[in-house]
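Just so you know, the sequences run in chain order V and Y. Per the numbering used here, the first sequence runs over residues 27 to 116. Per the numbering used here, the second sequence runs over residues 24 to 170.
FYI, nobody ran anything at the bench for these hints, they're computed from the structure.
Derived, one-sided and incomplete: chain Y residues facing chain V with beta-carbon distance under 8 angstroms:
1) Ile-75
2) Leu-81
3) Thr-139
A virtual CB, placed ideally from N, CA and C, is assigned to each residue, including glycine.
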Amino acid sequence: MKIMAVCGSGLGSSFMVELNIKKVLKKINKEADVSHADLASATPDAADLFIMTKDLAASSGIPEDKLIVLNNIIDISDLETKLVAYFDNH
Amino acid sequence: MLSSWLTHQTINIVDSVDNWKQAVRLSAIPLLESDIISPNYIQAIYQMHEKIGPYYVLAPGIAMPHARPEEGVNKLGLSMLLVKNGVSFHSEDNDPVYLITVLAAPDNNSHLQMLTELAELFSASGDMQAIFQADSIEQILSIINKY
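Using the sequences plus the hints, can you model the full thing?
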C-alpha cells in the first residue's frame, strides 16, 4: 500500500510526518511505501492513505476513509493510535 | 549536525513581537542578511499562510515557516527566533508559538538530513521546554549541540 504525507509546500512538515510514519510502521510491524508531497500532488488516486494536518484536510478533497488528520505533526503517539485504528478497519 | 546551521549568527531571542508576520520576518533576518534567501521568500510564506492557514505551525509552541525552493532560496539554511512571551499564529491547537525556525531549502533533497535532525529535536519535549525557557543563545546552543 501507498501512504502519502501531505503539507502545504511538500518539503518541510510532510517530510517530518513521513519520518514518523516510517517509525510507527516499523514499531507495529506493517509495510508500506511512504512518500511526502504538497497538497496539489495529493489527488485521491495518488495513494491509499493520506496523512495531513487539520488545516489542509478540509480543502484536500480526499475522501474521509483514505485520510488521517493530525493536530500536531510531532506527536508520534497520536499518529500511532490513528494508524493502528486505520489498519484495524482496513 | 544542527549546530552547523544554528549558530550565534542565526539564532536570536526577543521578549515579544507584535504579530506572526513580524515573528516570521525577524526570524528570517539572518538568512536574508547572508543572502541565503531573497525578500520574496518571506512574502511567499505570508501569501501561503493567508491562502491555506498556518500550515507550518508543527506542534504546540513550534513553527517552521518555509516556502518552495523556487520562491527565493539561494542556499540551504536555517535560522531560529525564540519569542519569550509567545505569539499567536492563529493555530487552533498549537498557539502560542515560542520557537520559530525558518527553513530554506534550495531543492527537494538537500535539506532532508537537516530536517531529520530537526525532527528529533522537536520531538524531544524536555529539550524543547528548556529551549522555550532559555534566556541566552548559549543555553539554546547547548541543547542544539546534542543533535
